[in-house]
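Novice: Top line first, the protein sequences correspond to chains A and B.
One point on numbering: in numbering that gives the first Met the number 0, the residue at position 193 of the first sequence is 192, and numbering is uninterrupted.
One point on numbering: in numbering that gives the first Met the number 0, the residue at position 99 of the second sequence is 98, and numbering is uninterrupted.
Hints are computed from structural coordinates only; laboratory data are not their basis.
Every residue gets a Cβ at the ideal spot worked out from N, C-alpha and C, and that includes glycine.
A portion of the hints provided could be inaccurate.
Incomplete in silico selection of chain B near chain A, CB under 7 Å [unchecked claim]:
{"hint": "1", "residue": "N148"}
{"hint": "2", "residue": "N159"}
{"hint": "3", "residue": "A162"}
{"hint": "4", "residue": "R202"}
{"hint": "5", "residue": "N206"}
{"hint": "6", "residue": "V212"}
{"hint": "7", "residue": "G216"}
{"hint": "8", "residue": "I218"}
{"hint": "9", "residue": "T258"}
{"hint": "10", "residue": "R259"}
For reference, the chains in residue letters:
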Amino acid sequence: MKRVFILLIPLLVRAQVSQERIAKSPNADWLTYNGDYAATRHSPLSQITPANVKSLVAKWVFRVDGAKKLEASPIVHDGLMYVTNTNEMYALDVRSGRKAWHYRAAGAKGTRVNRGSAILNDKVYFATADCHLIALNRLTGNLVFDVEYASADAGYGTSIAPLAIRNGILVGVAGGGSGQRGFVAAIHPDSGKEIWRFWTVPAKGEPGSETWGNFPAEMGGAPTWTTGSYDPELNTIYWPTGNPWPDFYGGRRPGDNLYSDCVVALDANTGKLKWHFQFTPHDVWDWDANESLVLLDGPFRGRQRKLLVQANRNGFYYVLDRVTGEFLHAVPFVKKLDWTSGIDDKGRPKVIPAKIPTPAGTKVCPSVRGASNWMSPSFNPSTGLFYVVTLEQCDIIVASAKEPVPASGFRGTGNEGIPAEPGRFYLRALDVFNGKLKWEHPMPGPGIMWAGTVSTAGGVLFSGDDDGNLVALDAATGKDLWHFSMGRSLFASPVTYMVDGKQYVSIAAESDVFTFGLFE
Amino acid sequence: MASLSDRTPCGYHIGMLLFLLALAFNAALAQVNTLPTDPGSLEAGRQIYMGSCSGCHGATGEGSQGPSLLSGRVSRLPSATLLESLKNGLPGTSMPGFPLPDDKIREIAAFVRSLTAPAISARPSGDSARGRAIFFGEGKCSTCHMILNRGGYPGPDLSNIGAERTLRQLSESIAKPSARIEAGFQGVTAVLKDGRTVEGVARNYNNYSAQIVDQAGRIHLLDRGKIAKLEFKEGSIMPAVSNPDRIEHLVAFLAGQSTRPYEGSSR
Numbered sequence: 000m001k002r003v004f005i006l007l008i009p010l011l012v013r014a015q016v017s018q019e020r021i022a023k024s025p026n027a028d029w030l031t032y033n034g035d036y037a038a039t040r041h042s043p044l045s046q047i048t049p050a051n052v053k054s055l056v057a058k059w060v061f062r063v064d065g066a067k068k069l070e071a072s073p074i075v076h077d078g079l080m081y082v083t084n085t086n087e088m089y090a091l092d093v094r095s096g097r098k099a100w101h102y103r104a105a106g107a108k109g110t111r112v113n114r115g116s117a118i119l120n121d122k123v124y125f126a127t128a129d130c131h132l133i134a135l136n137r138l139t140g141n142l143v144f145d146v147e148y149a150s151a152d153a154g155y156g157t158s159i160a161p162l163a164i165r166n167g168i169l170v171g172v173a174g175g176g177s178g179q180r181g182f183v184a185a186i187h188p189d190s191g192k193e194i195w196r197f198w199t200v201p202a203k204g205e206p207g208s209e210t211w212g213n214f215p216a217e218m219g220g221a222p223t224w225t226t227g228s229y230d231p232e233l234n235t236i237y238w239p240t241g242n243p244w245p246d247f248y249g250g251r252r253p254g255d256n257l258y259s260d261c262v263v264a265l266d267a268n269t270g271k272l273k274w275h276f277q278f279t280p281h282d283v284w285d286w287d288a289n290e291s292l293v294l295l296d297g298p299f300r301g302r303q304r305k306l307l308v309q310a311n312r313n314g315f316y317y318v319l320d321r322v323t324g325e326f327l328h329a330v331p332f333v334k335k336l337d338w339t340s341g342i343d344d345k346g347r348p349k350v351i352p353a354k355i356p357t358p359a360g361t362k363v364c365p366s367v368r369g370a371s372n373w374m375s376p377s378f379n380p381s382t383g384l385f386y387v388v389t390l391e392q393c394d395i396i397v398a399s400a401k402e403p404v405p406a407s408g409f410r411g412t413g414n415e416g417i418p419a420e421p422g423r424f425y426l427r428a429l430d431v432f433n434g435k436l437k438w439e440h441p442m443p444g445p446g447i448m449w450a451g452t453v454s455t456a457g458g459v460l461f462s463g464d465d466d467g468n469l470v471a472l473d474a475a476t477g478k479d480l481w482h483f484s485m486g487r488s489l490f491a492s493p494v495t496y497m498v499d500g501k502q503y504v505s506i507a508a509e510s511d512v513f514t515f516g517l518f519e
Numbered sequence: 000m001a002s003l004s005d006r007t008p009c010g011y012h013i014g015m016l017l018f019l020l021a022l023a024f025n026a027a028l029a030q031v032n033t034l035p036t037d038p039g040s041l042e043a044g045r046q047i048y049m050g051s052c053s054g055c056h057g058a059t060g061e062g063s064q065g066p067s068l069l070s071g072r073v074s075r076l077p078s079a080t081l082l083e084s085l086k087n088g089l090p091g092t093s094m095p096g097f098p099l100p101d102d103k104i105r106e107i108a109a110f111v112r113s114l115t116a117p118a119i120s121a122r123p124s125g126d127s128a129r130g131r132a133i134f135f136g137e138g139k140c141s142t143c144h145m146i147l148n149r150g151g152y153p154g155p156d157l158s159n160i161g162a163e164r165t166l167r168q169l170s171e172s173i174a175k176p177s178a179r180i181e182a183g184f185q186g187v188t189a190v191l192k193d194g195r196t197v198e199g200v201a202r203n204y205n206n207y208s209a210q211i212v213d214q215a216g217r218i219h220l221l222d223r224g225k226i227a228k229l230e231f232k233e234g235s236i237m238p239a240v241s242n243p244d245r246i247e248h249l250v251a252f253l254a255g256q257s258t259r260p261y262e263g264s265s266r
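Whole structure, please, built from the sequences with the hints as guidance.
Specialist: Here is the structure:
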């Protein structure tokens with residue numbers, strides 16, 4: 000009998016995912032970790048509104064076998080949702096929540112969490128905990144390549160969601176707490192070969208190396224563990240970097256320790272440094288700058304500019320010119336902030352010497368977790384508001400001058416919470432241009448959340464909270480509109496997308512992916 | 000002349016002695032629990048196994064009166080536990096102990112272990128290069144299977160198959176593909192209510208939806224409400240290979256397919 004293969008247009012996954020298509024995300028699809036290259040996490044979807052959000056209901060739940068702490072933002076394209084856990088990826092049929100395929104990187108070392116995937120053309124990509132970039136056929140899960148881009152034996156690991164641009168899959172590494180040398184690398188989307196690599200700690204003799212004294216570059220840290228942003232028009236990648244190592248003792252690394260705690264602007268073709276801005280020079284508080292770098296255009300002090308904004312772990316909200324790297328503005332976005340007397344007109348903090356950690360322990364605000372962290376913020380151009388999960392908390396930080404040994408667990412010693420002063424999370428809406436607080440939504444709970452936000456053109460802002468709720472707030476006023484108790488803690492940020500003309504919201508919660516849609 | 004710093008208290012010497020003894024004990028234990036991997040020992044183990052063990056556990060460890068030795072529960076046993084079970088038996092079961100010299104016990108254990116060892120760690124007798132030529136050529140295996148993006152759909156991707164299957168499993172899959180169908184690869188034809196047809200493998204399905212990959216590598220995400228009939232193929236859609244030489248060469252080629260270097264058993 001002759002076999003018959005017939006196209007099923009409405010049901011068949013088919014469209015390729017070009018960079019141009021990614022540049023238009025999010026729309027019906029959600030094509031990068033943050034939804035868009037600019038990391039605004041703002042969706043143009045408007046079917047769910049403050050008026051109807053109360054009728055959101057759970058549509059399906061997908062359990063990821065063995066998962067304990069899902070932290071990924073799923074990617075959604077043409078009816079398939081890509082969900083990652085440590086060393087594995089699932090493709091789900093978004094209409095039904097059923098598994099379409101599953102890929103596990105057998106033999107992968109390491110158990111780090113995974114924050115997500117990338118998609119480009121006919122492939123999806125994710126990184127294993129031991130720094131292999133895996134490329135899979137997006138429709139079948141067939142392996143295209145598995146390449147190691149950093150050695151686990153040398154102490155490297157990663158949790159990153161890669162970022163796909165036209166000519167490279169961008170990856171990074173952890174290592175701020177264990178003494179590896181950070182880098183961003185571009186890997187060819189088809190061959191898996193490395194195209195370029197930018198080291199975030201300069202080698203001896205290179206510009207910036209003078210900011211480390213004699214400290215070995217190989218141990219410098221400045222990791223690249225969160226997904227960067229991309230401006231296709233400027234062909235510039237903006238990547239955030241983490242703390243220098245050892246985290247809490249800086250005596251062996253005199254100087255600013257470039258390019259730790261920075262945003263580095265890199266040429267997308269070559270990886271060459273265009274400019275950098277350092278938020279926390281000579282960091283001794285573990286304040287990685289790995290928070291999202293949000294790109295937007297708008298009037299700043301009477302002039303239309305291409306801007307980059309970040310709510311940094313050190314407690315300040317920053318506005319930079321993303322063409323030149325010029326510092327434009329910084330303002331605290333938490334009340335508990337005592338390590339500096341302010342930021343000078345070049346963007347450099349004026350550190351209070353008494354807030355430098357000592358062996359006896361030093362109380363510092365914000366805490367080591369930071370005023371914010373990798374929980375995703377979002378920006379709604381209609382409201383002009385930047386939405387960010389913040390943490391009001393202080394820590395006792397203890398420093399040690401002990402000889403540092405990489406990958407030994409030593410971080411220059413560590414931090415302790417203050418039992419009498421438990422931290423409290425707030426979702427805050429800031430004026431995107433000046434950082435002024437417009438409204439806030441308290442998030443009481445045990446103080447363990449890592450969930451972030453997604454903004455929608457429907458005027459509804461979604462976020463996880465510290466008590467395990469997915470919440471929907473009025474984007475303009477912060478009014479609490481709807482919530483759903485997930486029955487577990489939230490360590491991931493929600494996404495929104497449209498299938499068959501219907502808008503959905505999904506979020507990973509510990510071991511499961513939950514999907515919500517309007518009741519019908 | 001010894002300096003003051005050279006003078007060490009007695010306790011130091013005792014501590015060092017204990018430390019060295021512990022090292023020696025651990026080294027000896029590791030030696031005892033290490034299983035031989037050379038072909039001679041495996042063959043010797045196989046012969047003892049066939050005479051003393053196969054009656055209960057089957058000629059290839061598949062189990063009969065006794066449990067299968069191919070299960071994950073058995074294959075994950077630490078070597079020390081396996082050796083202990085062979086030497087002294089399992090109290091409360093019909094598994095007896097075998098009063099054999101330790102080196103013979105290790106040979107049996109090595110053979111039992113080889114029954115579940117990944118093919119990448121084994122020494123297949125076929126010619127891998129000839130297997131490759133068959134796979135991508137006259138055998139037409141790559142019409143439906145892929146290795147590192149070379150080949151076709153809708154069969155299972157074999158890029159890492161050498162690390163996931165034993166030699167015996169590879170051989171059986173080629174000779175008797177219908178004996179065991181990989182989950183998610185059952186042949187299926189979906190006849191839709193509008194008259195259209197989709198043919199491929201059912202990567203997943205239930206009463207409400209079906210996810211089917213066709214021979215072109217396209218995935219069809221189907222609502223069961225739109226499917227008039229879902230017909231599953233009996234047995235595998237893969238044709239069996241009957242030529243023993245071909246099987247041997249294909250096994251040798253597939254045994255080498257691993258996405259990562261084989262680093263040995265940690266058991």
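Novice: Taking the hints in turn, state whether each one holds.
Specialist: Status of each hint after checking the structure:
{"no.": "1", "hint": "N148", "result": "holds (4 Å)"}
{"no.": "2", "hint": "N159", "result": "holds (6 Å)"}
{"no.": "3", "hint": "A162", "result": "holds (6 Å)"}
{"no.": "4", "hint": "R202", "result": "holds (6 Å)"}
{"no.": "5", "hint": "N206", "result": "violated (11 Å)"}
{"no.": "6", "hint": "V212", "result": "holds (5 Å)"}
{"no.": "7", "hint": "G216", "result": "holds (6 Å)"}
{"no.": "8", "hint": "I218", "result": "holds (5 Å)"}
{"no.": "9", "hint": "T258", "result": "holds (5 Å)"}
{"no.": "10", "hint": "R259", "result": "holds (4 Å)"}
Of the hints listed earlier, the one the structure fails to meet is number 5.
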